[in-house]
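**Student:** Heads up: the sequence lines are chains A and B, in that order.
Residue 347 in full-length UniProt numbering is what sits at position 347 of the first sequence, and the numbering runs on without skipping anything.
Residue 200 in full-length UniProt numbering is what sits at position 200 of the second sequence, and the numbering runs on without skipping anything.
Some hints here could point you the wrong way.
Since the list can't tell identical chains apart, any single copy or any two copies may satisfy a pair.
Stated by the list, open to error - Derived PhoX-like pairs (lysine-lysine); straight-line CA-CA distance at most 20 Å:
no.: 1; residue 1: Lys97; residue 2: Lys71
no.: 2; residue 1: Lys189; residue 2: Lys208
no.: 3; residue 1: Lys46; residue 2: Lys56
no.: 4; residue 1: Lys21; residue 2: Lys133
no.: 5; residue 1: Lys105; residue 2: Lys71
no.: 6; residue 1: Lys344; residue 2: Lys366
no.: 7; residue 1: Lys490; residue 2: Lys457
Calculated directly from the structure, the hints in this document are not laboratory data.
Since we're looking at a predicted model, the values are computed, not measured.
Protein chains: 2
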Amino acid sequence: MAKLTTRAEDYSKWYNELVVKANLAENSGVRGCMVIKPYGYAIWEKLQAELDKRFKETGHQNAYFPLFVPKSLFEAEEKNAEGFAKECAVVTHYRLKNDPNNPGKLMVDPEAKLEEELIVRPTSEAIIWSTYKNWIQSYRDLPILINQWANVVRWEMRTRLFLRTAEFLWQEGHTAHATRIEAEEEAVKMQEVYRDVVENFMAIPVVKGYKTPSERFAGADETYTIEALMQDGKALQAGTSHFLGQNFAKAFDVKFTTNEGKQEYVWATSWGVSTRLMGALIMTHSDDLGLVLPPKLAPIQVAIVPIYKTAEQLEEIRSVVDKIQDGLKAKGISVKFDDDDKSKPGWKFAEYELKGVPVRMAIGPKDLEKGHVEVARRDTLEKQFIVLDEVVDKTEALLEDIQNNLYQKAFDYRTEHTTEVKTFEEFKEVLENKGGFISALWDGTEETEEAVKDATKATIRCIPQAFEIPTEGIDMFSGKPAKFRVLYAKAY
Amino acid sequence: MAKLTTRAEDYSKWYNELVVKANLAENSGVRGCMVIKPYGYAIWEKLQAELDKRFKETGHQNAYFPLFVPKSLFEAEEKNAEGFAKECAVVTHYRLKNDPNNPGKLMVDPEAKLEEELIVRPTSEAIIWSTYKNWIQSYRDLPILINQWANVVRWEMRTRLFLRTAEFLWQEGHTAHATRIEAEEEAVKMQEVYRDVVENFMAIPVVKGYKTPSERFAGADETYTIEALMQDGKALQAGTSHFLGQNFAKAFDVKFTTNEGKQEYVWATSWGVSTRLMGALIMTHSDDLGLVLPPKLAPIQVAIVPIYKTAEQLEEIRSVVDKIQDGLKAKGISVKFDDDDKSKPGWKFAEYELKGVPVRMAIGPKDLEKGHVEVARRDTLEKQFIVLDEVVDKTEALLEDIQNNLYQKAFDYRTEHTTEVKTFEEFKEVLENKGGFISALWDGTEETEEAVKDATKATIRCIPQAFEIPTEGIDMFSGKPAKFRVLYAKAY
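Chain A extracted, bound-state conformation:
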């Protein structure tokens, strides 16, 4: 197996190679669209299941809305969702026919032109709010707390597996409320659900914050975000939750009768995370040998490799491994005994390293004699021998330790790569030589934000909710009085 490009050599190339070699995903024959391979999809499914559980625990239900958005609905929404909404896949016809001039070829049937073009959804606010209009008459119909798991399409010119693809998978929550405060609380609640899952399940530390007006979703009054930091010092927006005010209710004329009999516009939120999180997962934990997976997300948590020469040896090993497997499975740990005789143990070790399996065991005749198993952890690559009686309990503890260690390591990296600066000179120096989050004071103007971005490519990732608004200080760039402490970074 050819080795991966190292991160130090070329981080971007390392990422691309890793995604393909670890069998997570690959580019398809369709421009900008990826194939998510079984191993990658298995990780996505575990993440989906965890998110879905939390959505349901917080009172949400799943539903499904159409893939297509008629152009006229887009026009109604356009004020809210300029920008990305225009780069999209447009369905104009509904039939192919045999090409009379090219036998064996197909052509679009010009007689099957749609009266109104259909857009493949880039997001579903338009189609969902035009539906909610019929569902909402009175305050009794509120709140509506719905989530959808779906594919969406945005016509991206430069794509990268998981991080930016024309088609991607995501969930989008769309809620409707009777009061402003309830909608605001919902938006913040879902940001917290995202933080919880990304930190405690994916082992990725994030900063909770809100976006500056220029970085907000176009139809939002406030965009809450969780921002992660990758190993190359670039930030990645891991999830957003939007307080939409009454913008969509006004665009689609969705009013309700209040308890007091008045007519009011409905308040709204939307929130989403996507297969982009797979990119964050890979870039946060993995190393030059391959993927490193937090145990809670790993499709295979423990791989057991037998080392043998004869069929008798294999059978002896198997009888011991059977007990270990039973013990692990009883604890809900997923385990694979790899007795495939087409590959050698060394090849298997490398394969499980590449695939990020958290714990790998090896067991041969000598181990049986000594009554122990060799246990290797993927995160630190440390090995130890564990006596057979203790292997199940210690493996359970080890998986927990790996989960915590991965989080702590990423947390420490972020701490080391979060730098407070006072001047723009310092800012540039840190950005150039160290990367990471840069904490600085901002005067609150779009002019400054734009100027810093133009000069350095760094953007304001968020105004962290944890930061107090400072009572004094000046913007590092403009020198004007500061309004907020913000985190800048270059970002994916």
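Position chain B relative to chain A; hints supplied.
**Tutor:** Leaving out everything else, chain B in the frame of chain A:
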């Protein structure tokens, strides 16, 4: 709440009303596309989970392939998949722009025309087989056992909620094998998985059979089907599993090196069920009061309605109900205590009947005095009083009984509506007056099949696997020697 049209009045209207009133789905503003509402989606999710479990138990993994199929891939496949493939949504452009002549309006940007049109997948054989080509070199790469959960689009002119929609949700399995026999076994295995889930989970009896050549999927050498019978005497194809031979491997040039070093085309299957099953579910069990759900699929299995006048009474009831709820939940039974004070008990009863909740309990002060609960089953509408100590265990047994009863009732209906005929006169008479499956001898020719269809609209649903090939007899229509005993029916 306005009553439903009855089945006897207008079966089709009853169905349409029921789907909407029970909050399962509704038509959207997008032609032919439906909105699957939370209650309908919750049922679909339970069905999905059950199918997914069985797919994994039989060795399959999930993956995800692109939504779009380039036109040229369609051309390669066209021999295999004529027919439906041409009525499809065609993406021709990738951008909208502001219409200079109509302020506030959008138009397709003529400069953003795709070089090659993209088809929204009507099914994924083409995109998947063009991918498998890169995955398969040697017999070691086989078998590939993949399933995909996805949305697909077929441009249907006449649509009906769940039964026939332009966009629908489904799963599609696509497997690749080294040998013909392995692929054939796979196709038959998945037909059995479908039968198992549809009969034992959805409580819908089905006939296993295979399709006549004219009713096969265009790219298949054999199409295995499960056929259900609806309450109006029409059949519904509930799932199909195709043995594709080497047709797709040849269309996409997918060869592998055998163990002996020879180059051979790969053998294939595909198999799918869709949201159409929701239509089968509704039409098999429901009645004039609304939906009837088999307990295994019901999102709410037990609804408990308190009957009270004072807050004290409600609290007394609640303390008793808490224990019942705990007991039911401990058994994995989903239960809803409906203490919403905005609606009256009578309204709630009707609502739970409409929604098909299998068991409804009512409990008031008099019941507390007597130490019992009123328990009503949805399928037979029978009521009984159960003493509090026994209510948990008896409810569990009752749910099982309802599940079995629904299956048995549908099975009995089907038995009564399966008629063996010898002559075409009999055939027409049964079709006209009784409907259902009609068992008859067939000479095996497409001419006869077509002639019967043209004369009566009945089609050969399948050649049941359970029927022996008769050694003698004549075709009921042509009078020629018969080859098969088949089941005819009018069908959805």
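**Student:** Next step is simple, just say for each hint if it's right about the structure.
**Tutor:** Taking the hints in turn, this is what the structure says about them:
no.	hint	result
1	Lys97 / Lys71	between (25 Å within a copy, 11 Å between copies)
2	Lys189 / Lys208	within (12 Å within a copy, 49 Å between copies)
3	Lys46 / Lys56	both (16 Å within a copy, 14 Å between copies)
4	Lys21 / Lys133	between (47 Å within a copy, 17 Å between copies)
5	Lys105 / Lys71	between (30 Å within a copy, 9 Å between copies)
6	Lys344 / Lys366	within (18 Å within a copy, 74 Å between copies)
7	Lys490 / Lys457	within (6 Å within a copy, 66 Å between copies)
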